[in-house]
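A.B. asks: Sequence:
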Amino acid sequence: MSASRPVNLEFVQALPKCELHLHLEGSIRPDTMRRLAARNGVELEGDLEQRYSYDGFDDFLELFLLGLRVLRTGEDFADTVESLARELAAQNVRYAEITTTAFSHNRREVPMSDYAAGLNAGRAAARELGVELGWVIDIPREIEGPESRFTVDFATGPLAPDGVVGLGLGGPEPGNPPQPYQEAFALARAAGLRSLPHAGETEGAESVRGAVEALGAERIGHGVRSVEDPALMDELGSRGTHLEVSLTSNVALRVVDEIGEHPLPALLDAGLSIGLNTDDPAYFSTTLNDELLLAASAFGLSRTDLIALQEAAFRASSLPPDRQASFLAELASASV
29 MSASRPVNLE
39 FVQALPKCEL
49 HLHLEGSIRP
59 DTMRRLAARN
69 GVELEGDLEQ
79 RYSYDGFDDF
89 LELFLLGLRV
99 LRTGEDFADT
109 VESLARELAA
119 QNVRYAEITT
129 TAFSHNRREV
139 PMSDYAAGLN
149 AGRAAARELG
159 VELGWVIDIP
169 REIEGPESRF
179 TVDFATGPLA
189 PDGVVGLGLG
199 GPEPGNPPQP
209 YQEAFALARA
219 AGLRSLPHAG
229 ETEGAESVRG
239 AVEALGAERI
249 GHGVRSVEDP
259 ALMDELGSRG
269 THLEVSLTSN
279 VALRVVDEIG
289 EHPLPALLDA
299 GLSIGLNTDD
309 PAYFSTTLND
319 ELLLAASAFG
329 LSRTDLIALQ
339 EAAFRASSLP
349 PDRQASFLAE
359 LASASV
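For what it's worth, the numbering used here labels the leading residue of the sequence shown as 29, then goes sequentially.
Among the clues, some could well be false.
[Stated by the list, open to error] FRET-style restraints, in silico, Cβ to Cβ:
| id | residue 1 | residue 2 | range |
| --- | --- | --- | --- |
| 1 | Glu-73 | Glu-241 | 41 to 47 angstroms |
| 2 | Leu-356 | Ser-32 | 14 to 20 angstroms |
| 3 | Ser-354 | Ser-32 | 19 to 25 angstroms |
| 4 | Glu-103 | Ala-294 | 41 to 47 angstroms |
| 5 | Gly-74 | Pro-34 | 39 to 45 angstroms |
| 6 | Pro-58 | Leu-356 | 44 to 50 angstroms |
| 7 | Gln-210 | Ala-294 | 27 to 33 angstroms |
| 8 | Arg-135 | Glu-241 | 28 to 34 angstroms |
| 9 | Ala-294 | Leu-187 | 39 to 45 angstroms |
| 10 | Phe-178 | Ser-325 | 39 to 45 angstroms |
| 11 | Pro-58 | Glu-211 | 36 to 42 angstroms |
| 12 | Arg-97 | Ser-325 | 25 to 31 angstroms |
| 13 | Glu-211 | Arg-136 | 36 to 42 angstroms |
| 14 | Ala-42 | Val-284 | 26 to 32 angstroms |
Since the hints were made in silico from the structure, they are not lab data. Yeah, the Cβ is synthetic: ideal placement off N, Cα and C, and Gly gets one too.
Take these sequences, add in the hints, and give me the full structure.
C.D. replies: Written out as structure tokens, the structure is:
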């Protein structure tokens with residue numbers, strides 16, 4: 029790792045930042061949850077803050093589903109996006125690609141026109157706060173089978189919100205490999221969207237290989253299990269495939285038992301394109317600043333190393349080249 033002055037919050041805060049793996053439905057902090065629940069008559073049983081501290085995936089899923097229940101109207105989505113944008117702006121996150129799951133809301137009978145209008149209003153509010161947003165509309169593989177075309181049709185159709193940049197693939201990996209979704213991703217790519225699936229989180233390197241080879245993945249959400257296959261690591265490096273790594277999420281959901289076991293150092297040593305992300309920031313009680321500080325404290329990453337991670341994220345983003353160049357120039361002037 030490069031030698032430089034110690035990493036601190038002041039340094040991390042000042043960096044212009046980019047986040048590429050962030051779920052809107054996992055960004056609802058307790059205050060926002062209460063406001064939306066009161067608006068929609070959703071009862072929040074017990075101590076809400078205590079529900080944000082959970083043990084294992086089942087408790088996490090219960091909280092995630094509660095967050096879905098309070099999202100019912102276009103106003104709810106607009107408020108949620110604006111609340112997230114304020115949080116991003118406070119950290120000097122200048123650009124974010126936010127994943128959102130249209131299918132989950134459609135099956136709850138939320139009108140897609142209201143959903144899109146809410147995302148548009150929230151995106152406009154974010155711009156006023158100095159944060160540029162793009163959308164990744166993802167297929168929830170546990171509930172939307174590969175025969176469905178709902179998500180790809182929505183993401184590429186006239187009801188899509190402004191700023192859709194890619195098609196994602198989320199949901200539990202076990203028993204749901206990426207290959208059956210090949211046609212949906214081919215349609216999305218033909219329509220100009222990027223292929224941005226999750227893989228290699230709870231399943232191994234074969235899931236990442238399937239996402240790259242069958243779906244034409246340009247980035248991989250998580251992808252940390254790639255470390256299990258040296259040949260795959262070489263392929264990812266030669267392709268320039270970017271991995272969207274989320275340290276706190278991986279510990280919380282037991283991808284690794286503790287932070288010291290995380291493969292981030294091995295991924296970096298292999299020369300892969302890596303960015304740090306929050307995944308579900310509210311439900312994992314983290315921020316992008318926290319993730320960068322954690323990487324520094326747990327693995328000895330320097331100021332130069334953290335700048336390089338942000339450079340990789342901006343380069344892997346869907347920003348046009350001139351906007352990427354502007355942010356990269358700001359990073360180049362950061363004090364190390």
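A.B. asks: Could you tell me which of the hints above the structure violates, numbers in ascending order?
C.D. replies: Hints 6, 12, 13 are the ones this structure does not satisfy, whereas the remaining hints hold.
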